[in-house]
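Those protein sequence lines, which keep their order, are chains A and B.
Its first residue numbered 1, the first sequence is counted upward by one per residue in my numbering.
Its first residue numbered 1, the second sequence is counted upward by one per residue in my numbering.
The reader is advised that the hints may include incorrect statements.
As the list claims (entries may be wrong) - In silico SDA-like cross-links for lysine to any residue, where the CA-CA straight-line distance does not exceed 20 Å:
hint: 1; chain 1: B; residue 1: K98; chain 2: A; residue 2: Y93
hint: 2; chain 1: B; residue 1: K17; chain 2: B; residue 2: L33
hint: 3; chain 1: B; residue 1: K98; chain 2: A; residue 2: V94
hint: 4; chain 1: B; residue 1: K98; chain 2: A; residue 2: A316
hint: 5; chain 1: B; residue 1: K17; chain 2: B; residue 2: D40
hint: 6; chain 1: B; residue 1: K98; chain 2: A; residue 2: S365
hint: 7; chain 1: B; residue 1: K17; chain 2: A; residue 2: S365
Simulated from the structure, these hints should not be mistaken for laboratory data.
Model, not experiment: these values are computed from the prediction.
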Amino acid sequence: MTIREVRESIRTGARSAVEVCRDALARIEALDPQLHAFNTVVADRALARAGAIDREPERWRDAPLAGVPVALKDNLSTRGIRTTASSRILETYVPPYDATVVTRLEAAGAVIVGKTNCDEFAMGSSNENSAFGPAKNPWALDRTPGGSSGGSAAAVAARLAPLALGSDTGGSIRQPAALCGVVGLKPTYGRVSRYGLLAFGSSLDQIGPLTGTVHDAAVALNVLAGADPQDATSVPEPVPDYTTALTGDVRGTRVGVPRALLAQGVDAGVSRALDVALDTLRSLGAILVDVALPHASHAIPVYYLVATAEASSNLARYDGVRYGFRARPDPGRSEELRTMYARTRAQGFGAEVKRRIMLGTYVLSAGYYDAYYLKAQQVRTLILRDYEQAFTQREAVDVIAMPTSPTPAFRIGERVEDPLQMYLADVFTVSANLAGLPAISVPCGFTADRLPIGLQLTGRRFDEATLLRVADAYERETAWSKQPPPILSR
Amino acid sequence: MLAFGMPAAFTREDVAKIAALANLELEPAEMDLFARQLGDILSYAEEVQQVDTAGVPPTASVLPRHSADRPDEVRPSLDRDEALANGPDAALDAGFFKVPRVIG
């Protein structure tokens with residue numbers, strides 16, 4: 001069921017919030033042993049909450065998410081619910097407060113069903129960096145759901161919850177959405193409060209929804225968006241009702257296509273699906289325009305220099321003093337403070353997190369700062385200017401279209417030996433984070449072997465409305481998201 | 001074109017130095033693996049050196065500078081026991097986090 005269907009059935013009295021919740025929990029129980037989309041399921045808490053909503057129908061009548069089961073990526077703080085970021089170092093950490101997005105969801109009537117699996121501290125593109133084992137792709141269980149919000153994408157694709165939240169630092173909402181055949185929206189930097197998100201790359205991180213339809217993404221963004229006194233990087237821009245943007249009309253909308261960027265390295269099936277999607281948009285009245293993003297090809301090295309630098313600083317707090325895990329000293333030996341820190345981190349972090357902390361520490365260290373970190377920040381300015389130009393010059397476009405991922409879902413284990421190869425998969429997603437722009441992935445077809453493909457649209461700052469309008473018009477025409485993954489028909 | 005040379009490859013000693021800065025105790029096998037992988041990643045990242053950035057300001061944040069000031073008022077915050085609850089070996093009664101002895 002979609003958010004819209006859940007709300008409709010509860011509003012009309014066809015079903016209670018408890019019935020909807022029981023169904024979701026039953027599906028999780030039946031399918032999650034295969035998918036491993038969840039790190040933690042909070043069945044009792046969810047049923048109690050659904051019951052409370054049923055008992056006060058008047059109070060919740062107009063709440064946009066009343067009775068809607070929601071899954072949260074396990075890097076979003078939940079008061080009283082274990083929050084691990086899929087890391088050993090936080091395996092037993094129970095936050096004493098809620099992230100602002102959690103508070104907002106619950107105020108809108110959402111029923112939290114659990115915390116989803118992800119790459120450790122959101123670092124990865126395949127979910128294989130989870131300390132608890134990877135989530136699986138509902139379209140092919142031997143393939144990754146993408147990452148880092150892979151559990152959230154798998155949960156929505158397998159209809160375990162109509163809404164899941166993810167976080168997106170370099171594509172971590174959009175890429176798994178594409179690989180699992182669902183909708184994933186990364187809002188503008190500053191659109192959604194990050195208070196309570198376990199920080200990875202602070203100038204890049206943004207929280208957003210994964211849903212079955214574009215309409216549901218608009219409903220979720222209505223609830224999530226807005227300034228928050230607890231997050232100084234949230235911006236006091238007015239929040240429109242995003243559902244009113246879904247007019248189905250894209251006549252005259254200018255869609256930019258960065259042809260040069262798409263010339264190589266894109267899987268043939270993905271390329272074909274993009275071309276067909278662009279034809280569909282044109283047939284609906286959109287105008288296709290070539291755009292040049294001359295610096296976008298540098299986005300990956302810039303991203304991995306900036307994001308790892310920020311991560312090395314953000315993850316310094318996990319030192320065995322304030323959170324969860326602390327390494328024990330060798331028996332009979334007293335231990336120094338620095339040794340305790342270093343051991344705790346050695347035992348608590350997985351290989352990819354260590355690799356990124358090392359890389360970030362290096363690029364920030366004396367003698368290399370200017371050559372790597374500062375240089376990357378300068379190229380970041382050029383990438384940002386490319387987009388500004390595309391959106392404001394004389395032939396300005398309203399959105400820019402490209403594939404979300406250059407390939408469909410890859411096999412679990414296929415890329416783990418080669419971190420650089422894994423990083424290259426983020427080629428189309430990292431730019432939106434570097435430029436702080438909103439971007440959405442919407443299903444746009446399947447490869448020959450029935451793996452989902454995603455169309456990515458990037459928009460102007462704080463213009464999620466246009467992104468949602470174009471994505472919704474495309475979805476109405478195609479309805480790829482109505483096709484269920486094979487795991488549902490077994 | 002660069003004022004100084006980039007390390008072509010990482011030695012185990014380089015990795016040990018970075019690991020010490022990052023407070024990470026690495027196994028010998030990890031040292032070798034990271035020496036190779038960090039070298040690969042950085043030689044790929046060196047392509048940014050080719051970009052002409054003369055006169056281009058760095059972007060640390062995409063937000064326009066804005067004031068996040070607020071009135072300096074006392075507001076409710078976490079209670080002490082809650083703040084200490086996740087600290088290994090924290091001394092709840094005394095209200096302290098605990099760490100190994102630092103002064104002899």
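Is the Cα-Cα distance between K17 of chain B and D40 of chain B 20 Å or less? 18 Å, holds
Is K98 of chain B within 20 Å of Y93 of chain A, Cα to Cα? Since the Cα atoms of K98 of chain B and Y93 of chain A sit roughly 17 Å apart, the hinted pair holds (cutoff 20 Å).
Quickly compare the C-alpha distance for K17 of chain B and L33 of chain B to 20 Å and report which way the hint goes. 15 Å, holds
Quick one, are K98 of chain B and A316 of chain A close enough, alpha carbons at most 20 Å? 18 Å, holds
If you draw a straight line from the CA of K17 of chain B to the CA of S365 of chain A, is it 20 Å or shorter? Roughly 11 Å separates the two Cα atoms, so the pair holds.
Pairwise hint evaluation, V94 of chain A against K98 of chain B, where the allowed Cα distance is 20 Å at most: Distance ~19 Å between K98 of chain B and V94 of chain A Cα, so the pair holds.
Sort out whether S365 of chain A lies within 20 Å of K98 of chain B, counting only the CA atoms. 30 Å, violated
Going down the numbered hints, you'll see the structure goes against just number 6.
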